[in-house]
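One letter stands for each residue in the lines below.
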Amino acid sequence: MNRPMPGSAHGVVTAATVVMLLMVGCPPPTVDDGDGVIATGTTPNSVATVRCGGVRRLLVASSGEGSLERMDPEGQTATSTVFLGVGSTPWDVGVLNDDDAAPGGPRAVVSLPGHHSVALVDPCAEVPVVLDEVTSTTTVVVDPPVTLRSPEDVDGDGSDDLVVERMTPRTPQAVASAGRSIFVVWANLLAFSTSSTEPMLSGPGLLTRFTLDDDGEHLTETGHALLPCENPGGLMVTHDDSGAADASDDVIVTCAGRFVVGVDGFSAASPGGLVRVRAGAGTAFVVDDAIVLDNHTPGPVVGAHGELVTGDLLDGTVRAFDPLTLAELRRTEPSSGVDSVFALTVMGDDVVVAGWFSGRVQRQPLDDGPSRQLTDGPSRGLVDLVCDELGGFGLLSLSAELMPFSFDGDAP
Amino acid sequence: MRGLGGPRLLVDIAGVGFTDPVAGAVDVALLPLSLGRADVDVGGAGGALGGTLSLRGSPGSRLHLVVGELSTLQLGGRVQVPLEAGSAVAAVDVGTSRGDFPFVTGARFNGDGGVDGGLALVRANNQQQRARAVVITDVGGDAPATIEGSLRARVVAAGSVHDGGIPGFATAPLDLRGHSALGSIGTVVEHRHDRRRARVSGTVTGSDRSTSDATASAGSDDGDRITGHAVNVGLGIDDTIIDTADFAFAVGVEVGAGRADVDSVARRHLGGAAASGRLQVQLPHAWQLRIDGRTGVQVVSDDDHVGPTTTATTAFIPTWLPTGSVRATIAPEHNRLGAFVGVSHAARAPTLDERFAPAGFVLAAPDLAAERVTDGEVGVRIALPDGQMLVAATVFASWLDDAIVVVNDNAFQVRPRNTGPASRAGSELLLLTSPHPLLRTETAATLLWSQVQATDAPLPTAPPVSLRTAITVGDDDAFTRATVTARGPAPSTIFGTLPSAPYALVDLMARVPLSPSVGLTVQVNNALDVQTATDVNLLPLPGRLVFLGLEVRS
Numbered sequence: 001m002n003r004p005m006p007g008s009a010h011g012v013v014t015a016a017t018v019v020m021l022l023m024v025g026c027p028p029p030t031v032d033d034g035d036g037v038i039a040t041g042t043t044p045n046s047v048a049t050v051r052c053g054g055v056r057r058l059l060v061a062s063s064g065e066g067s068l069e070r071m072d073p074e075g076q077t078a079t080s081t082v083f084l085g086v087g088s089t090p091w092d093v094g095v096l097n098d099d100d101a102a103p104g105g106p107r108a109v110v111s112l113p114g115h116h117s118v119a120l121v122d123p124c125a126e127v128p129v130v131l132d133e134v135t136s137t138t139t140v141v142v143d144p145p146v147t148l149r150s151p152e153d154v155d156g157d158g159s160d161d162l163v164v165e166r167m168t169p170r171t172p173q174a175v176a177s178a179g180r181s182i183f184v185v186w187a188n189l190l191a192f193s194t195s196s197t198e199p200m201l202s203g204p205g206l207l208t209r210f211t212l213d214d215d216g217e218h219l220t221e222t223g224h225a226l227l228p229c230e231n232p233g234g235l236m237v238t239h240d241d242s243g244a245a246d247a248s249d250d251v252i253v254t255c256a257g258r259f260v261v262g263v264d265g266f267s268a269a270s271p272g273g274l275v276r277v278r279a280g281a282g283t284a285f286v287v288d289d290a291i292v293l294d295n296h297t298p299g300p301v302v303g304a305h306g307e308l309v310t311g312d313l314l315d316g317t318v319r320a321f322d323p324l325t326l327a328e329l330r331r332t333e334p335s336s337g338v339d340s341v342f343a344l345t346v347m348g349d350d351v352v353v354a355g356w357f358s359g360r361v362q363r364q365p366l367d368d369g370p371s372r373q374l375t376d377g378p379s380r381g382l383v384d385l386v387c388d389e390l391g392g393f394g395l396l397s398l399s400a401e402l403m404p405f406s407f408d409g410d411a412p
Numbered sequence: 413m414r415g416l417g418g419p420r421l422l423v424d425i426a427g428v429g430f431t432d433p434v435a436g437a438v439d440v441a442l443l444p445l446s447l448g449r450a451d452v453d454v455g456g457a458g459g460a461l462g463g464t465l466s467l468r469g470s471p472g473s474r475l476h477l478v479v480g481e482l483s484t485l486q487l488g489g490r491v492q493v494p495l496e497a498g499s500a501v502a503a504v505d506v507g508t509s510r511g512d513f514p515f516v517t518g519a520r521f522n523g524d525g526g527v528d529g530g531l532a533l534v535r536a537n538n539q540q541q542r543a544r545a546v547v548i549t550d551v552g553g554d555a556p557a558t559i560e561g562s563l564r565a566r567v568v569a570a571g572s573v574h575d576g577g578i579p580g581f582a583t584a585p586l587d588l589r590g591h592s593a594l595g596s597i598g599t600v601v602e603h604r605h606d607r608r609r610a611r612v613s614g615t616v617t618g619s620d621r622s623t624s625d626a627t628a629s630a631g632s633d634d635g636d637r638i639t640g641h642a643v644n645v646g647l648g649i650d651d652t653i654i655d656t657a658d659f660a661f662a663v664g665v666e667v668g669a670g671r672a673d674v675d676s677v678a679r680r681h682l683g684g685a686a687a688s689g690r691l692q693v694q695l696p697h698a699w700q701l702r703i704d705g706r707t708g709v710q711v712v713s714d715d716d717h718v719g720p721t722t723t724a725t726t727a728f729i730p731t732w733l734p735t736g737s738v739r740a741t742i743a744p745e746h747n748r749l750g751a752f753v754g755v756s757h758a759a760r761a762p763t764l765d766e767r768f769a770p771a772g773f774v775l776a777a778p779d780l781a782a783e784r785v786t787d788g789e790v791g792v793r794i795a796l797p798d799g800q801m802l803v804a805a806t807v808f809a810s811w812l813d814d815a816i817v818v819v820n821d822n823a824f825q826v827r828p829r830n831t832g833p834a835s836r837a838g839s840e841l842l843l844l845t846s847p848h849p850l851l852r853t854e855t856a857a858t859l860l861w862s863q864v865q866a867t868d869a870p871l872p873t874a875p876p877v878s879l880r881t882a883i884t885v886g887d888d889d890a891f892t893r894a895t896v897t898a899r900g901p902a903p904s905t906i907f908g909t910l911p912s913a914p915y916a917l918v919d920l921m922a923r924v925p926l927s928p929s930v931g932l933t934v935q936v937n938n939a940l941d942v943q944t945a946t947d948v949n950l951l952p953l954p955g956r957l958v959f960l961g962l963e964v965r966s
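Chains as they are written, first to last, in the numbering used here: chain C, 1 to 412; chain Y, 413 to 966.
I should point out that these hints are in silico values taken from the structure, not numbers from a laboratory. Backbone N, C-alpha and C fix where the C-beta goes; we use that ideal spot for every residue, glycine too. Any given hint could be a false lead.
So the derived label-pair ranges between C-beta atoms look like this [stated by the list, open to error]: (1) C:Asp-155 / Y:Asp-779: 46 to 54 Å; (2) C:Val-55 / Y:Val-942: 33 to 41 Å; (3) Y:Pro-833 / C:Glu-217: 30 to 38 Å; (4) Y:Asp-779 / C:Ala-284: 49 to 57 Å; (5) Y:Ala-857 / C:Gly-75: 51 to 59 Å; (6) Y:Pro-833 / C:Arg-149: 43 to 51 Å; (7) Y:Asp-947 / C:Gly-75: 21 to 29 Å; (8) C:Gly-75 / Y:Ala-450: 41 to 49 Å; (9) Y:Ala-809 / C:Ser-336: 57 to 65 Å; (10) C:Gly-75 / Y:Val-807: 35 to 43 Å; (11) C:Glu-217 / Y:Leu-960: 48 to 56 Å; (12) C:Gly-75 / Y:Val-942: 22 to 30 Å.
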């Protein structure tokens with residue numbers, strides 16, 4: 001089972017992809033329901049689009065296979081695959097330079113929690129190839145210290161420690177591109193939850209930025225910020241007045257906090273949070289604002305209609321926040337039981353689409369827009385959505401499928 | 413088992429149950445297959461939804477020592493010892509092997525002996541150790557003069573431990589657990605005097621999950637099938653980590669050709685009644701028609717159970733489990749030609765694992781309904797004289813209600829659920845030929861169609877086609893054998909997705925006699941070194957492996 005475990009930062013997926021699509025802008029898709037299902041590798045977790053030679057391709061991070069797969073949206077399975085290493089558990093994929101005219105062409109960045117690293121991939125080569133794999137050199141101070149259940153070398157000094165006071169960044173989660181840079185949030189997971197009463201162990205969250213070099217073959221860490229919250233998993237880059245994203249834009253990070261899901265519901269061991277970070281040109285980012293969310297476990301985040309929109313990993317609510325004050329503006333009704341919103345995307349003219357793990361997708365959820373169930377029967381685990389001008393797909397983790405969807409015929 | 417495994421399969425050794433009391437299933441890695449003989453009754457006719465597997469001792473003694481790749485070392489075999497008033501069979505299998513490959517999804521061998529893919533969460537050095545031992549003693553003789561008649565006793569003691577393999581899946585379903593242990597001791601003592609027969613039996617079973625189960629029964633009959641009678645009473649105690657103690661009872665009455673039993677087996681407030689009978693009719697021209705039938709109902713209810721992942725349930729909610737089967741067999745006296753038709757209905761109460769989840773990340777589902785399967789099958793059997801050929805073919809169709817499948821409740825929790833109906837149909841073929849004393853072929857093939865209605869997909873891990881055929885040249889002492897094992901694509905999920913690719917693997921084996929009782933064996937598994945084969949759970953199968961063995965027979 002490689003889907004999010006209780007208290008695992010892995011539960012938060014693919015906000016970076018959503019952000020990428022937000023910046024690209026997606027009109028409503030036109031693919032008919034039920035047609036064109038594409039088989040993916042085991043336990044896919046994130047999907048993104050990329051243009052290779054002007055042709056649309058899908059990229060799927062397959063955690064179980066340890067690979068990044070390139071798909072033809074009109075095909076039935078992967079056309080090419082790059083293996084990212086035993087145990088790499090690819091988690092999120094974002095695309096830099098999604099423009100054939102840009103030097104070096106498009107690049108994919110994949111977070112690899114199992115390797116505590118980020119991989120740079122040429123996704124459009126005849127056989128996609130790994131160009132670089134980097135780790136963060138930032139040292140994370142853990143205060144107060146965390147006591148592990150068994151000794152482990154988490155600070156990289158070669159000796160196992162039971163009490164963690166500092167650590168090297170680990171378990172990268174979401175990635176979000178901004179020009180030739182990519183932002184990455186690190187959950188710094190120390191131990192998974194082992195029961196329905198014991199939450200995960202983790203250090204404080206971290207945001208880093210990596211920048212692509214001129215030849216497009218290497219990433220260099222160019223900045224970071226320690227986050228005032230735990231278990232960051234959602235990430236988006238805000239637009240500046242120029243309308244073009246770049247490395248100095250503000251970054252919005254959601255933190256799920258630590259939580260457990262028990263037989264009778266869920267409870268939080270540390271609260272969720274919403275953080276705005278001013279990246280700027282320097283290497284030390286500034287945490288501009290942050291709010292504690294006692295009753296919210298946010299995962300994905302997107303921007304639309306001048307609002308920040310988040311999805312809850314536990315109660316299934318979609319909520320809107322003021323981007324300036326970070327105050328909550330409105331929310332949807334909670335789900336009956338646990339039904340995670342792992343996917344938010346923006347289609348066309350600021351149309352938000354939310355996807356629940358149970359397979360439900362809804363257009364404009366905060367305005368009670370039309371919804372539909374992608375599949376019948378037991379949940380196939382909807383964990384990501386992707387769209388562009390040619391159509392939309394829901395990524396089903398348990399059944400390893402990309403399922404096309406549309407809202408044709410629905411109003412608005 | 414026609415696409416149904418796990419707790420739907422019952423295993424016994426010489427009549428003594430060998431099934432985990434909590435899981436309701438047996439880890440195949442624990443089976444003492446060195447006993448030499450396994451009888452399989454597929455389908456619901458045996459009372460289990462998937463089928464029954466009965467292990468027996470084969471005649472003769474045979475020991476083997478095998479060494480080979482992956483640091484494999486195996487010592488095993490069976491010894492049959494004639495006793496003054498019976499015999500004893502002991503079988504043992506002790507071994508270790510080390511896989512240099514991780515048992516992971518997506519792993520592939522590369523040309524350097526390394527791995528091109530995999531998943532760290534389940535990556536492991538596949539070090540495995542196992543020990544399986546079983547002793548079956550069957551003795552009889554005159555009873556002491558004070559009670560007259562004769563006594564016969566059968567004692568079966570079996571124990572297995574298994575460690576290693578797939579540590580990452582240690583909390584997965586039983587057949588994927590990284591370690592397991594199971595032990596069972598059972599005895600049957602029978603006293604005969606004239607036409608009367610009395611018997612006492614008892615079984616104790618325990619597993620590594622703090623579980624044990626003890627049953628005892630006693631009965632007598634006068635041996636007269638027309639006018640006689642029989643009475644059986646029994647008592648069972650089930651001590652698990654779920655409950656401190658449950659009880660069970662059994663009472664049976666046998667009159668004429670029929671028999672009625674009232675019994676309970678595993679859990680509090682469990683009871684039922686069953687009746688079985690046999691009708692044998694002599695037809696003209698030396699043909700016989702035999703009709704075996706049984707029917708019954710069990711009642712299962714649980715109350716006041718508290719499991720690690722469940723809350724207490726205090727209501728008395730009975731579950732009725734009607735079962736029954738009828739099989740008509742027609743065969744001539746020489747038994748070279750026969751045909752049968754049968755229908756059966758079997759039901760399975762959810763296991764303690766499924767209801768109360770004593771371990772693992774799979775949660776409990778106390779409100780599960782029982783699974784029920786209705787089977788129909790038709791078969792023929794043709795045997796040529798002198799053993800030159802045997803053909804057995806069966807066509808079957810089944811309907812499974814309230815199929816219990818482990819599914820996701822949400823992103824964080826999985827538990828067994830009744831997912832509605834499923835159906836299956838297919839055919840099985842067994843073909844044995846021996847056109848020459850030094851040439852034998854054995855072929856078993858299955859065609860299977862299945863569908864789970866909730867997903868419109870086939871039963872997970874059930875391939876539509878599977879085949880095993882072996883050609884042996886030589887006699888029992890000196891031979892060369894080639895075996896082809898093949899199967900079609902099988903989905904590894906309940907959604908019909910992530911299919912494990914079809915494969916055909918060739919194994920070679922040769923035995924060279926060094927003396928009348930000692931032989932040298934050479935075995936090459938996956939002789940064509942197929943690197944891409946996986947099992948139905950997408951776990952990679954090893955490439956070519958070579959083993960050398962020394963075999964001693966008597």
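Consistency of the hints with the structure:
1. C:Asp-155 / Y:Asp-779: 46 to 54 Å: holds, 48 Å
2. C:Val-55 / Y:Val-942: 33 to 41 Å: For C:Val-55 and Y:Val-942 the Cβ distance comes to about 35 Å; the hint holds.
3. Y:Pro-833 / C:Glu-217: 30 to 38 Å: Violated - the Cβ-Cβ distance for Y:Pro-833 and C:Glu-217, about 56 Å, lies outside 30 to 38 Å.
4. Y:Asp-779 / C:Ala-284: 49 to 57 Å: holds, 56 Å
5. Y:Ala-857 / C:Gly-75: 51 to 59 Å: violated, 34 Å
6. Y:Pro-833 / C:Arg-149: 43 to 51 Å: At roughly 44 Å between Cβ atoms, C:Arg-149 and Y:Pro-833 fall inside 43 to 51 Å, so the hint holds.
7. Y:Asp-947 / C:Gly-75: 21 to 29 Å: holds, 27 Å
8. C:Gly-75 / Y:Ala-450: 41 to 49 Å: holds, 45 Å
9. Y:Ala-809 / C:Ser-336: 57 to 65 Å: violated, 39 Å
10. C:Gly-75 / Y:Val-807: 35 to 43 Å: Between C:Gly-75 and Y:Val-807, where Cβ atoms are some 38 Å apart, the hint holds.
11. C:Glu-217 / Y:Leu-960: 48 to 56 Å: holds, 51 Å
12. C:Gly-75 / Y:Val-942: 22 to 30 Å: Holds: the Cβ-Cβ distance is about 27 Å, inside 22 to 30 Å.
Violated hints for the displayed structure, listed by number in ascending order: 3, 5, 9.
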